[in-house]
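The listed protein sequences derive, respectively, from chains A and B. According to this note's numbering, the first sequence is numbered sequentially starting from 1. According to this note's numbering, the second sequence is numbered sequentially starting from 1001.
Honestly, the hints are just simulated from the structure, not real lab data. Treat the hints with care, since some could be wrong.
Stated by the list, open to error - Pairwise CB distance ranges, derived in the manner of DEER restraints:
| hint | chain 1 | residue 1 | chain 2 | residue 2 | range |
| --- | --- | --- | --- | --- | --- |
| 1 | A | S13 | B | E1034 | 33 to 43 angstroms |
| 2 | A | R55 | B | Y1051 | 27 to 37 angstroms |
| 3 | B | K1019 | A | V434 | 43 to 53 angstroms |
| 4 | B | E1069 | A | Q413 | 33 to 43 angstroms |
| 5 | A | Q247 | B | E1034 | 24 to 34 angstroms |
| 6 | A | P417 | B | K1019 | 29 to 39 angstroms |
| 7 | B | E1034 | A | H141 | 50 to 60 angstroms |
| 8 | B | K1083 | A | E62 | 49 to 59 angstroms |
| 9 | B | K1015 | A | V418 | 31 to 41 angstroms |
| 10 | A | D79 | B | Y1051 | 49 to 59 angstroms |
No experiment lies behind these values; they were computed from the predicted model shown. Here a beta-carbon is modelled for each residue, glycine too, at the ideal position from N, C-alpha and C.
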Amino acid sequence: MGYDRLEIKSILSLLGCPAVLKENDLKDGSPFMEVQLSSETAAKALMQRTVLSKRLYELWGEGSNLLEVKEQIKQLPKDSVEPYTNECSSFRIVVETFNKKLSTSDKIKRIEQLTEPGSVFCGQINLSQPDNSFHLLEFYHFEGTSQPANKPSKVYFGRWVSDGQRDRIRQYHLQNRHFIANTSMDACLSMVMANLAQVKDNDFVLDPFVGSGSLLVASAHYGAYVAGTDIDYLLLHARAKPSRAKQKARSRDESVRSNLKQYGFESKYIDVLVADASRHKMWREGCHFDAIVTDPPYGIRESAAKIVNVKDSEVKSTDECAQRYPQKAQYQLGDIFKDLLNFAAKFLRRGGRLVYWLPIYKPDYHESNIPQHPCLEVESNCEQPLSTTISRRLITMVKTEDYTNNGEQEEPQASIPVDHYECETFRQKYFRAVESEASATKGGGSTREESVDS
Amino acid sequence: MKLITHNMLTSNIIKGVTKGFPLIIAPTKVEVKEVDFNPDFVNKMLTKIDYPALYQAANSVGHGEGLPEQLGDDVKDNTDLLKALHNAMLQVEVIEGDLVCPESGRKFPIANGIPNMLLLENEVET
Chain A
1 MGYDRLEIKS ILSLLGCPAV LKENDLKDGS PFMEVQLSSE TAAKALMQRT VLSKRLYELW
61 GEGSNLLEVK EQIKQLPKDS VEPYTNECSS FRIVVETFNK KLSTSDKIKR IEQLTEPGSV
121 FCGQINLSQP DNSFHLLEFY HFEGTSQPAN KPSKVYFGRW VSDGQRDRIR QYHLQNRHFI
181 ANTSMDACLS MVMANLAQVK DNDFVLDPFV GSGSLLVASA HYGAYVAGTD IDYLLLHARA
241 KPSRAKQKAR SRDESVRSNL KQYGFESKYI DVLVADASRH KMWREGCHFD AIVTDPPYGI
301 RESAAKIVNV KDSEVKSTDE CAQRYPQKAQ YQLGDIFKDL LNFAAKFLRR GGRLVYWLPI
361 YKPDYHESNI PQHPCLEVES NCEQPLSTTI SRRLITMVKT EDYTNNGEQE EPQASIPVDH
421 YECETFRQKY FRAVESEASA TKGGGSTREE SVDS
Chain B
1001 MKLITHNMLT SNIIKGVTKG FPLIIAPTKV EVKEVDFNPD FVNKMLTKID YPALYQAANS
1061 VGHGEGLPEQ LGDDVKDNTD LLKALHNAML QVEVIEGDLV CPESGRKFPI ANGIPNMLLL
1121 ENEVET
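Please construct the entire structure, taking both the sequences and the accompanying hints into account.
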């Protein structure tokens, strides 16, 4: 299932709107999908949240050509059409084509056909500020590199109802973000994640690998109060190396808080803490988050680290006064995800969602690589390819069972049926893939045996 | 660090510590930063917080104004009380100081409003 479909489903389930999504849509490159919704209010509420769906129309007709569509419009019950087409309401018709360009005169011809005397359209045409806007959408199948087909494979006609939230992507673009880190999540994906997590007003959302707080910005946009932790002291205190090219030093006021403030969400900011996400006992038992939305470090551009126990004698500094940086150890990716699931199982409210990215080396990937927990159910799992061999999967899990630990039984634990990273770290797989791609482009020269060590 | 966060933190991450709650606050700088009042959120968080710990924390940093020692059942529609709780949970912030483990005395420094909960390698459990 694609992200667009997942996002719509997740929002509709949050809104409690029963809906039917036509299964075969969004195939063969078609950007259209039919959704049956209970009301226009539901439709508008959906579009108030989605960043992946561009526009929603009330479907008035569909077919393989304009005549079929015209015929269907004629057959529509009068009382469903008349409020929008009567003499008192102005209107316009917009012709949009996909995979093919139409000349203006061709577009006008179509509009004239639709509005010829005897059609349902009785109002005045008003191109700039119509009371109602109608769209004729033509989809042309595009076969490989050949020319688009002469005839459209699908024609839709609909009344415009609402636009989605694509403009938000520009509003929250990282380019204009005060504080960014090396792996800040882009605005669009952050919002998709918040939608998959079903973040809503007055939720309390945590990102245990918060970085510069991109996911918190998106969660705050949907009304949540937000908090985060990160093991990187220097980053949270804006003393890490700047992530922007040409920026020499970070300014003192760069912080997760300033990012929220930038968009007017300062009241939604709870706190960020310098903390090791693998140490769950830092949180009091009984506190619960509505959602955990996070992008754990993969060890490529940000190191994956936790603090491990060593013998007292091996600790380098015991000077109480000095700012100390404990030794961080390489954190196996499999362990990161198991820890994350264990944390979510314990600290999510029942019904709350965990949304996170899982990096994958494609040739080795199998569904059994997805971490599991007895208290959590996989809701969705969607791939985003990053290269020919590397991708990441956006995993959404729902806490379906209460976490119970009555002392006698063993605590329910996360597991990974087949650990993707057991033999090799993701970093090793990643650089092996990068190298083999590089040598393939060089003309398939010698294959290099050694792998880059982390 | 807001007191709502303090209410969720323990020092049970330290090797051997089991009663690391509530952490003692030793502040050197406390500020009150305005946050939009949202009674729904305050009411919601009231079901999750440990009230005695909040009461104690707010008083220990000198901002216990308007907080009763115990919460009655009439909180939900008592706007004055909700505002006092809102202030204690979300507006009072420890900017500089320490969080102190009640069992071991181990200090977690708060700098620029951000607590540092990291432990040294010899302090963590294996």
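#### Entry: Hint check against the structure, violated hint numbers in rising order
2
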